[in-house]
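Visitor: Using this note's numbering, the letters of the sequence shown correspond one by one to residues 11 to 185.
Simulated from the structure, these hints should not be mistaken for laboratory data.
Here the structure is a predicted model, which is why all the values come from computation and not from measurement.
C-beta atoms are modelled at their ideal positions from N, C-alpha and C, and glycine is treated no differently.
Some clues are possibly wrong.
To be verified - Pairwise CB distance ranges, derived in the manner of DEER restraints:
| id | residue 1 | residue 2 | range |
| --- | --- | --- | --- |
| 1 | ASP168 | ARG104 | 14 to 22 Å |
| 2 | ASP71 | ALA174 | 23 to 31 Å |
| 3 | LEU151 | ALA75 | 14 to 22 Å |
| 4 | ALA61 | GLY150 | 45 to 53 Å |
| 5 | GLU107 | LYS177 | 25 to 33 Å |
| 6 | GLY101 | GLY78 | 16 to 24 Å |
| 7 | ALA120 | ALA152 | 21 to 29 Å |
| 8 | ASP168 | GLY78 | 26 to 34 Å |
| 9 | ARG104 | GLU183 | 16 to 24 Å |
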Amino acid sequence: MRAFIALELPEAFADEMAALVRSLSAVCEGRFVAPGNHHVTLAFLGEVGEAETRLAMDALDAACAGSGPVRLAAEGLGTFGRGRDATLWLGLRRTDELEALAGRLRAELASRGVAYDQKDFLPHVTLARRARLPRAALEGLAFPRPDEAACVTLFRSDLRPDGARYKPLYTVELG
């Protein structure tokens with residue numbers, strides 16, 4: 011199965027994220043992420059089997075032990091890629107707590123032999139794929155207000171023609 015570990019967005023932040031996506035979808039083309047699917051990926055695992063899934067759960071427990079909620083603060087929009095194949099995302103402020111959580115999780119996965127995507131951690135929430143932004147400046151957008159995230163979850167990701175579906179497999183509460 012295809013899997014990743016992510017910080018879940020707190021309810022108020024997620025609601026404000028949905029409003030931002032509605033505003034953006036009115037002026038941008040693209041395949042926008044469905045409400046409820048927004049998250050902050052801490053480690054993308056890719057294809058894993060049952061044994062690796064259990065090890066990832068152990069790594070998640072160890073990485074989150076003694077950790078409190080993590081502050082999330084929006085910093086602006088960004089893209090990966092170019093042209094018609096760009097991914098539009100909302101950047102999040104790098105904080106010591108967020109960086110430390112991602113670092114501990116990745117170290118715990120590595121110590122258990124669980125492979126993950128080694129790209130540098132860039133805190134963001136994906137908003138749309140195949141996004142085409144207007145040439146004019148995007149003005150008047152309301153970004154989510156700062157909040158604290160308290161759930162880290164191992165998700166299963168099922169890719170479908172209408173977009174990915176995420177199923178929580180295991181969650182650890184921070185704090």
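Visitor: Hint by hint, note whether the structure agrees.
Guide: We went through each hint and held it up to the structure:
For the hinted restraint 14 to 22 Å between ASP168 and ARG104, the CB-CB distance of approximately 31 Å leaves it violated. For ASP71 and ALA174, the Cβ-Cβ distance of about 25 Å falls inside the hinted range of 23 to 31 Å, so the restraint holds. Take LEU151 and ALA75: their Cβ atoms lie about 38 Å apart, and the range 14 to 22 Å is violated. For the pair ALA61 and GLY150, the beta carbons lie near 50 Å from each other, so the given range of 45 to 53 Å is met.
Between GLU107 and LYS177 the beta carbon distance is about 27 Å. The supplied range of 25 to 33 Å therefore holds. Taken as a hint, the range 16 to 24 Å holds for the pair GLY101 and GLY78, whose Cβ atoms sit roughly 23 Å apart. The supplied range of 21 to 29 Å is broken by ALA120 and ALA152, whose beta-carbon atoms lie about 39 Å from each other. A hinted range of 26 to 34 Å holds for the C-beta pair ASP168 and GLY78, which are about 32 Å apart.
Between ARG104 and GLU183 the Cβ separation comes to about 23 Å, which falls inside the hinted range of 16 to 24 Å.
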